[in-house]
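Chain by chain, the residues:
Number of protein chains: 2
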Amino acid sequence: MNKVYIVGVGMTKVGKFYDRSIRELAAEAIFKALDEAGNERPEAIIVGNMLSSLAEQENLASLIADYAGLRGISGFKVEGACGSGGVAFLAAYSLIASGIFKKVLVIGVEKLSERPTPATSRGLAWAADADYELVHGISFAGLNALVMRYYMNKYGVSREEMAAWPVLMHDNALQNPYAQLKKKITIEDVLKSPVIADPVRLYDASPLSDGAAAVLLASEELARKLSDTPIHVAGVGNALDSTDLTSRYELDRLLASKLSAEKAFQMAGVTTEDIDVAEIHDAYGVTAAISLEELGFAPRGKGAKLVYEGRFRVGDKPVVNPSGGLKARGHPVGATGIYQIVEVAMQLRGDFPGIKAGGEVGLTQNLGGVGANATTVILKR
Amino acid sequence: MNKVYIVGVGMTKVGKFYDRSIRELAAEAIFKALDEAGNERPEAIIVGNMLSSLAEQENLASLIADYAGLRGISGFKVEGACGSGGVAFLAAYSLIASGIFKKVLVIGVEKLSERPTPATSRGLAWAADADYELVHGISFAGLNALVMRYYMNKYGVSREEMAAWPVLMHDNALQNPYAQLKKKITIEDVLKSPVIADPVRLYDASPLSDGAAAVLLASEELARKLSDTPIHVAGVGNALDSTDLTSRYELDRLLASKLSAEKAFQMAGVTTEDIDVAEIHDAYGVTAAISLEELGFAPRGKGAKLVYEGRFRVGDKPVVNPSGGLKARGHPVGATGIYQIVEVAMQLRGDFPGIKAGGEVGLTQNLGGVGANATTVILKR
Numbered sequence: 002m003n004k005v006y007i008v009g010v011g012m013t014k015v016g017k018f019y020d021r022s023i024r025e026l027a028a029e030a031i032f033k034a035l036d037e038a039g040n041e042r043p044e045a046i047i048v049g050n051m052l053s054s055l056a057e058q059e060n061l062a063s064l065i066a067d068y069a070g071l072r073g074i075s076g077f078k079v080e081g082a083c084g085s086g087g088v089a090f091l092a093a094y095s096l097i098a099s100g101i102f103k104k105v106l107v108i109g110v111e112k113l114s115e116r117p118t119p120a121t122s123r124g125l126a127w128a129a130d131a132d133y134e135l136v137h138g139i140s141f142a143g144l145n146a147l148v149m150r151y152y153m154n155k156y157g158v159s160r161e162e163m164a165a166w167p168v169l170m171h172d173n174a175l176q177n178p179y180a181q182l183k184k185k186i187t188i189e190d191v192l193k194s195p196v197i198a199d200p201v202r203l204y205d206a207s208p209l210s211d212g213a214a215a216v217l218l219a220s221e222e223l224a225r226k227l228s229d230t231p232i233h234v235a236g237v238g239n240a241l242d243s244t245d246l247t248s249r250y251e252l253d254r255l256l257a258s259k260l261s262a263e264k265a266f267q268m269a270g271v272t273t274e275d276i277d278v279a280e281i282h283d284a285y286g287v288t289a290a291i292s293l294e295e296l297g298f299a300p301r302g303k304g305a306k307l308v309y310e311g312r313f314r315v316g317d318k319p320v321v322n323p324s325g326g327l328k329a330r331g332h333p334v335g336a337t338g339i340y341q342i343v344e345v346a347m348q349l350r351g352d353f354p355g356i357k358a359g360g361e362v363g364l365t366q367n368l369g370g371v372g373a374n375a376t377t378v379i380l381k382r
Numbered sequence: 002m003n004k005v006y007i008v009g010v011g012m013t014k015v016g017k018f019y020d021r022s023i024r025e026l027a028a029e030a031i032f033k034a035l036d037e038a039g040n041e042r043p044e045a046i047i048v049g050n051m052l053s054s055l056a057e058q059e060n061l062a063s064l065i066a067d068y069a070g071l072r073g074i075s076g077f078k079v080e081g082a083c084g085s086g087g088v089a090f091l092a093a094y095s096l097i098a099s100g101i102f103k104k105v106l107v108i109g110v111e112k113l114s115e116r117p118t119p120a121t122s123r124g125l126a127w128a129a130d131a132d133y134e135l136v137h138g139i140s141f142a143g144l145n146a147l148v149m150r151y152y153m154n155k156y157g158v159s160r161e162e163m164a165a166w167p168v169l170m171h172d173n174a175l176q177n178p179y180a181q182l183k184k185k186i187t188i189e190d191v192l193k194s195p196v197i198a199d200p201v202r203l204y205d206a207s208p209l210s211d212g213a214a215a216v217l218l219a220s221e222e223l224a225r226k227l228s229d230t231p232i233h234v235a236g237v238g239n240a241l242d243s244t245d246l247t248s249r250y251e252l253d254r255l256l257a258s259k260l261s262a263e264k265a266f267q268m269a270g271v272t273t274e275d276i277d278v279a280e281i282h283d284a285y286g287v288t289a290a291i292s293l294e295e296l297g298f299a300p301r302g303k304g305a306k307l308v309y310e311g312r313f314r315v316g317d318k319p320v321v322n323p324s325g326g327l328k329a330r331g332h333p334v335g336a337t338g339i340y341q342i343v344e345v346a347m348q349l350r351g352d353f354p355g356i357k358a359g360g361e362v363g364l365t366q367n368l369g370g371v372g373a374n375a376t377t378v379i380l381k382r
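Sequences listed follow chains R and S, in order. Residue 357 in this note's numbering sits at position 356 of the first sequence, with consecutive numbering throughout. Residue 235 in this note's numbering sits at position 234 of the second sequence, with consecutive numbering throughout.
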């Protein structure tokens, strides 16, 4: 298997850009990534996206490639709901690991502001099971509320403890120029914010976001030529769980995340203890808590409690979500997995323009649905 | 690059299955493909699909894997409009060529009967450019009508000559037990059928279809163990063109198809002249005519005329679309590219249950949009 390196990264600010098209957002991230590596023409473009169909647009690979001046190369869109970025990265990684190509661009892009909020929220629920779940009228926040209530009850986690995560994420995002929510909040603010789906309150949830992030991957031989600071993609693991929650083993587990991490750790030859910095999928505070546990960063039932006790900040190992995470950097769903990879690559290179975590080994974890699919990526300096 | 083999294939009948769910159709094709290779558990599932979002369902990889008893493996959905099957195959091929996996299932599935015809037709137009084309109200048939009119005018092709393709496809489909349209038609029938978008008539166009097709891919070492008749995937090429027609070089060209074929021929070390049997993307009769030209089976402007003169039937080289093609086998859009691969693999194995083309080397060509993306696959016995 050929080794794969990150030789260029780029991203747009995350926010709501009513006046910008999806292809325009994508091109901004692409041009930044290509510019970092001498503007080499990639041989393929893999696009991570979930919901462009809400704006009646499919066939994004040709649309974006053409707009970015890349007509004629190979490409396709990859979808795994909110985990689309992660699986797009796996597809792109594989195209270089196989030797089919030597330079592959992978881009995550989402424009959720294209439609009114109720339509977009409904679209996000397409990550769940239409026949077994949506037919009953439950929303995506509602599904996560079931998990949050179960988790709090099973492990005796208080509302205050659950609120520590969004507070930390807003703190981190304050220093990230690409973040969507730049506002300091307190535990009290979280507890007073409106209920979305009891016990999930507004500040427990990630916002609706637009944004694009791009990574140029290259073979080992090319990487040395194209970059002074290539980042090695040491491991990529992916796993699927059931789409619907009824069929799950237990509601406080994210088994796909655990399996995907095991595969990535094995490929990279590292363990949980080696990770210096991580960007994890905190679509909801409870998603962060359980993810910390499945990745081995916290004992079972202790994820939220450790955050409340002050863990995972700079100086700790690992530093988790120095970007502000999905919660405050924002969650442009199909792009999120690529944002995480861009951010961790920059942390390892030492040029992330927000909180600097430093370190040698980084991890990203990206989920689709309520953990129906999971991708873990291990990066090394 | 590791060699890749087809060790199992399966497909459902193509039709309108109002009483069957998308996961049920997928599982039928999957079980047939896995059964052919000793029911080995694949390590990943790649799903080609375009329009499940019309039924509010994304995250198909987890949905289908779980229903088929494959929870825990890796997977994702790949989309490139009507060319989704072809690009899903490229992604799956790459996962084995890289050595990441040794057994990968690739499945194309589509259920267009989920919504009323006007909603589905609108969805099919998401393959085009929403901002530059759909905003003007043009349909997908309308875009192809522009191409057909231009092609007929530029090369002096008559309405009768254009009608020879659907007649041949209906003839071929009569012998294919998996085909949707089992009815002999004449050139007169085509010319009397209702106008959809002048000059495209109903019988010039492929029907709306449901169906699923699956292929189990394996590494060379495993292929010998799992199958007595492994088919070698000798070449896979893919290329992107502009999504919108306005930006095209010329309306009578499908340059992405030409480029994708060049890449596939080069990888396989064969030329047009070596192809014994082909399944090509005849979404409309004119798509077939231009595809025959871009693949080198006909001189420019002669594709439709050669069909009218009796070429591409059994005994000729190549035999084209012995299945009946998109026109009469049916066109379950995201599944079509995988149907083609299943059919050509069976032709080379000698067990296709319809018209037997025989031969040593086969080709499939799958398009997304009006040729916005193209995938060419070369199979060898």
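These aren't lab readings, by the way, just hints derived from the structure by calculation. Quantities reported herein were computed from a predicted structural model and do not represent experimental measurements. Certain hints may be false.
A pair holds if it fits inside one copy or across any two, identical chains being indistinguishable in the list.
What the hints assert, rightly or not - Using 27 Å as the maximum straight-line C-alpha spacing, the simulated DSSO-like pairs for lysine-lysine come out as follows:
| # | residue 1 | residue 2 |
| --- | --- | --- |
| 1 | 381 | 103 |
| 2 | 318 | 17 |
| 3 | 185 | 33 |
| 4 | 357 | 185 |
| 5 | 193 | 303 |
| 6 | 226 | 103 |
| 7 | 4 | 103 |
| 8 | 183 | 14 |
| 9 | 303 | 103 |
| 10 | 103 | 357 |
| 11 | 193 | 381 |
Hints, verified against the model:
1. 381 x 103: Close inside one copy (19 Å) and across copies (26 Å); limit 27 Å.
2. 318 x 17: Result: close neither inside a copy nor across copies, 33 Å intra and 56 Å inter.
3. 185 x 33: For residue 185 and residue 33, the Cα distance exceeds 27 Å both inside one copy (29 Å) and across copies (56 Å).
4. 357 x 185: within (19 Å within a copy, 70 Å between copies)
5. 193 x 303: So residue 193 and residue 303 pass the 27 Å test inside one copy only (24 Å; across, 72 Å).
6. 226 x 103: within (12 Å within a copy, 32 Å between copies)
7. 4 x 103: For residue 4 and residue 103, both the intra-copy (10 Å) and inter-copy (18 Å) Cα distances are at most 27 Å.
8. 183 x 14: within (12 Å within a copy, 55 Å between copies)
9. 303 x 103: Neither. Shortest intra-copy (43 Å) and inter-copy (38 Å) distances fail the 27 Å Cα cut-off.
10. 103 x 357: Neither: 31 Å inside a copy, 40 Å across copies.
11. 193 x 381: neither (41 Å within a copy, 66 Å between copies)
When held up to the earlier numbered hints, the structure conflicts with 2, 3, 9, 10, 11 and fits the remainder.
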